[in-house]
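Novice: Sequence:
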Amino acid sequence: MYVSSIRLRNYRNYENQIINFDKGMNIVIGNNGEGKTNLLESIYLLSTTRSHRIDDNKELIRFDCEFGSVEGNVIFNNQSSKISVVVHKKGKTLMINNNPVRKNSEFIGKLNAVLFAPDDMNLFDDSPKIRRRLFDIEIGKLYSVYMYSLSNYLKYLKERNNYLKGNVDRLMLETLTEIMYEPQIQIIKERNNFINRVNRYLSIYYSQISGEEHDLKIEYRSVITEKENEEVMKQQLTRLYENIRERDIYLKQTNTGIHREDYVFYLDGRNVSMYCSQGQKRTVILALKMAVVQIIYDIRKEYPVLLLDDLFSELDSNRRYNVLKMLPSSIQTIITTTDAREAELIRDKNVNFINIEKGMMENA
1 MYVSSIRLRN YRNYENQIIN FDKGMNIVIG NNGEGKTNLL ESIYLLSTTR SHRIDDNKEL
61 IRFDCEFGSV EGNVIFNNQS SKISVVVHKK GKTLMINNNP VRKNSEFIGK LNAVLFAPDD
121 MNLFDDSPKI RRRLFDIEIG KLYSVYMYSL SNYLKYLKER NNYLKGNVDR LMLETLTEIM
181 YEPQIQIIKE RNNFINRVNR YLSIYYSQIS GEEHDLKIEY RSVITEKENE EVMKQQLTRL
241 YENIRERDIY LKQTNTGIHR EDYVFYLDGR NVSMYCSQGQ KRTVILALKM AVVQIIYDIR
301 KEYPVLLLDD LFSELDSNRR YNVLKMLPSS IQTIITTTDA REAELIRDKN VNFINIEKGM
361 MENA
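Per the working numbering, the very first residue in the sequence shown carries number 1; after that it's consecutive.
I should point out that these hints are in silico values taken from the structure, not numbers from a laboratory. Among these hints, one or two may not hold up.
With a cut-off of at most 25 Å between alpha-carbon atoms, the simulated SDA-like pairs for lysine to any residue come out as follows [to be verified]:
#1 K89 x E106
#2 K110 x F124
#3 K252 x L157
#4 K129 x E261
#5 K110 x I331
#6 K281 x D268
#7 K301 x L327
#8 K129 x S105
#9 K281 x E106
#10 K82 x N20
#11 K234 x Q294
#12 K289 x L157
#13 K301 x I331
#14 K110 x D56
#15 K155 x Q294
#16 K217 x E231
#17 K82 x R62
#18 K158 x E242
#19 K165 x L154
#20 K155 x D268
#21 K129 x N243
#22 K227 x E174
#23 K23 x R300
#24 K165 x E246
#25 K129 x N199
#26 K227 x K165
#27 K289 x R270
#28 K155 x Y263
#29 K289 x I139
#30 K23 x K89
#31 K189 x Q294
#32 K92 x K165
#33 K103 x F124
#34 K23 x N350
#35 K301 x I75
#36 K129 x K227
#37 K58 x K90
#38 K227 x L251
#39 K82 x N32
#40 K301 x K58
When you get a sec, could you build the whole thing from the sequences and use the hints?
Specialist: In structure tokens:
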């Protein structure tokens with residue numbers, strides 16, 4: 001899978017730009033503030049329907065414009081398709097081959113892209129919501145039924161929370177609680193399966209990038225202990241909500257469920273958030289992204305597009321070299337950098353260079 005071209009209209013600092021990509025390695029060179037990250041963000045938007053930097057897509061629209069759009073030509077299994085996201089003041093429109101798509105779950109994953117960005121450091125500093133969001137997106141790109149289950153759960157959660165704000169009839173509350181079990185069971189199973197897959201690769205990639213042997217793993221902290229047997233899972237969820245019911249009524253909100261779960265990273269037995277350096281954390285994130293790339297290949301039999309934002313400044317020279325060395329030759333990679341001298345280090349490879357200046361892009 002790769003992106004052959006992108007067209008940006010009224011997107012961030014781009015008025016109307018078309019840029020072509022090579023199916024191998026692409027290096028985007030430009031000063032800070034020229035729009036390098038905006039370009040990667042636009043590709044990520046085509047993959048997930050959302051920005052990795054902001055929650056309100058309206059901020060993607062160029063100043064004083066009514067809409068902004070991203071259109072990409074994607075090659076998958078030797079077949080070309082056109083996917084686009086049009087952002088306007090009241091929402092967004094998704095299209096595949098010029099046909100509108102109603103549900104995000106039908107669009108997500110048509111372009112599979114994995115992004116490494118400086119903002120990923122928030123994974124260790126912010127609330128569990130950041131970590132849940134990351135894994136929800138990655139799982140959802142692979143399994144549309146996961147996004148369907150998650151959407152249903154969030155709808156049921158909202159209904160239950162709204163009901164808790166009024167006079168509560170316990171039989172009605174039990175009914176609203178029971179309908180939340182099935183989507184949670186499916187979500188927990190998929191989260192557990194995905195983390196098990198990730199853990200097979202994490203230590204391998206961390207060790208390759210760092211050049212030293214290390215043990216890296218993720219602990220999935222679910223609200224229940226069982227994660228495979230659906231009958232036992234339902235029993236555990238039932239007891240969980242029974243035990244928390246009076247507290248929920250008192251606080252007028254749902255205080256347990258998959259929206260309260262978390263993921264904890266451990267490097268050589270130490271909690272990464274608490275005990276690791278900034279350099280170690282960056283390497284953990286990059287190892288995670290490479291693990292996700294490999295999982296996508298294992299399932300889809302084609303690599304996703306790999307987006308590496310400001311890679312050269314985020315890693316030391318040895319780790320940069322190790323990352324570039326480990327990239328499969330058949331994966332499309334788009335790397336941004338401010339330093340043309342760093343890009344020169346890989347001019348011996350077959351690389352497509354793209355220059356950005358004042359919101360204008362051109363292939364070098």
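Novice: All hints, please: hold or fail.
Specialist: To see whether the hints hold, each was checked on the structure:
A threshold of 25 Å between alpha carbons decides the hint, and for K89 with E106 the separation of about 22 Å falls inside it, so the pair holds. Only pairs whose Cα atoms come within 25 Å are accepted, and K110 paired with F124 is rejected, the gap being roughly 29 Å. For the suggested pair K252 and L157, the alpha carbons sit about 12 Å apart, so the restraint of at most 25 Å is met. For the proposed pair K129 and E261, the alpha carbon gap of about 8 Å is at most 25 Å, so the pair holds.
A C-alpha spacing of about 16 Å is found between K110 and I331, which places the hinted pair at or below 25 Å, so the restraint holds. Between K281 and D268 the CA atoms are separated by roughly 13 Å; this keeps the pair inside 25 Å, and the hint holds. A threshold of 25 Å between alpha carbons decides the hint, and for K301 with L327 the separation of about 16 Å falls inside it, so the pair holds. Under the criterion of a C-alpha separation no larger than 25 Å, the hint pairing K129 with S105 is consistent with the structure, at around 20 Å.
For the suggested pair K281 and E106, the alpha carbons sit about 34 Å apart, so the restraint of at most 25 Å is broken. Between K82 and N20, the direct Cα distance comes to roughly 14 Å. Compliance with the 25 Å bound is thereby established for this hinted pair. Among the hinted pairs, K234 with Q294 is inconsistent with the structure: their alpha-carbon atoms are about 32 Å apart, more than 25 Å. The suggested pairing of K289 with L157 is violated, with an alpha-carbon distance near 30 Å, which exceeds 25 Å.
For the proposed pair K301 and I331, the alpha carbon gap of about 12 Å is at most 25 Å, so the pair holds. The straight-line distance between the Cα atoms of K110 and D56 is roughly 22 Å, inside the 25 Å bound, and the hint therefore holds. For the hint linking K155 to Q294, the alpha-carbon distance of about 32 Å lies beyond 25 Å, and the restraint is violated. Between K217 and E231, the direct Cα distance comes to roughly 28 Å. Violation of the 25 Å bound is thereby established for this hinted pair.
Between K82 and R62, the direct Cα distance comes to roughly 22 Å. Compliance with the 25 Å bound is thereby established for this hinted pair. Restraint check: the Cα-Cα separation between K158 and E242 comes to about 19 Å, which is no more than 25 Å; the hinted pair holds. A hinted pair counts as satisfied when its Cα atoms are at most 25 Å apart, and K165 with L154 qualifies at roughly 17 Å. As the CA atoms of K155 and D268 are separated by approximately 39 Å, the hinted pair breaks the 25 Å bound.
Of the supplied pair hints, the one linking K129 and N243 holds, its CA atoms being roughly 24 Å apart against a limit of 25 Å. For the hint linking K227 to E174, the alpha-carbon distance of about 23 Å falls within 25 Å, and the restraint holds. Pair hint K23 plus R300 holds up; C-alpha atoms about 18 Å apart against a cutoff of 25 Å. For the hint pairing K165 with E246, the CA-to-CA distance comes to about 13 Å; that is within 25 Å, so the pair holds.
Between K129 and N199 the CA atoms are separated by roughly 21 Å; this keeps the pair inside 25 Å, and the hint holds. Between the alpha carbons of K227 and K165 the distance comes to roughly 31 Å, so the proposed pair goes past 25 Å and is violated. With a C-alpha separation of about 20 Å, the suggested pair K289 and R270 falls inside the 25 Å cut-off, and the hint holds. Under the criterion of a C-alpha separation no larger than 25 Å, the hint pairing K155 with Y263 is consistent with the structure, at around 23 Å.
This hinted pair checks out: K289 and I139 have alpha carbons roughly 13 Å apart, not beyond 25 Å. Taken as a hint, the K23 and K89 pair is broken in the structure, with Cα atoms around 34 Å apart against an allowance of 25 Å. Note on K189 and Q294: the hinted pairing holds, with a Cα-Cα distance of about 20 Å set against a maximum of 25 Å. With a CA separation close to 31 Å, the supplied pair K92 and K165 exceeds the 25 Å bound.
With a C-alpha separation of about 31 Å, the suggested pair K103 and F124 falls outside the 25 Å cut-off, and the hint is violated. Distance restraint check for K23 and N350: the Cα-Cα separation of roughly 10 Å lies within the 25 Å cut-off, and the hinted pair is therefore satisfied. Between the alpha carbons of K301 and I75 the distance comes to roughly 14 Å, so the proposed pair stays at or under 25 Å and holds. Between K129 and K227 the CA atoms are separated by roughly 20 Å; this keeps the pair inside 25 Å, and the hint holds.
Of the pairs offered as hints, the one joining K58 and K90 holds, with about 8 Å between alpha carbons and a cut-off of 25 Å not exceeded. Proximity of K227 to L251 is assessed by CA-CA distance (about 28 Å); at most 25 Å being required, the pair is judged violated. A hinted pair counts as satisfied when its Cα atoms are at most 25 Å apart, and K82 with N32 does not qualify at roughly 30 Å. For the proposed pair K301 and K58, the alpha carbon gap of about 35 Å is over 25 Å, so the pair is violated.
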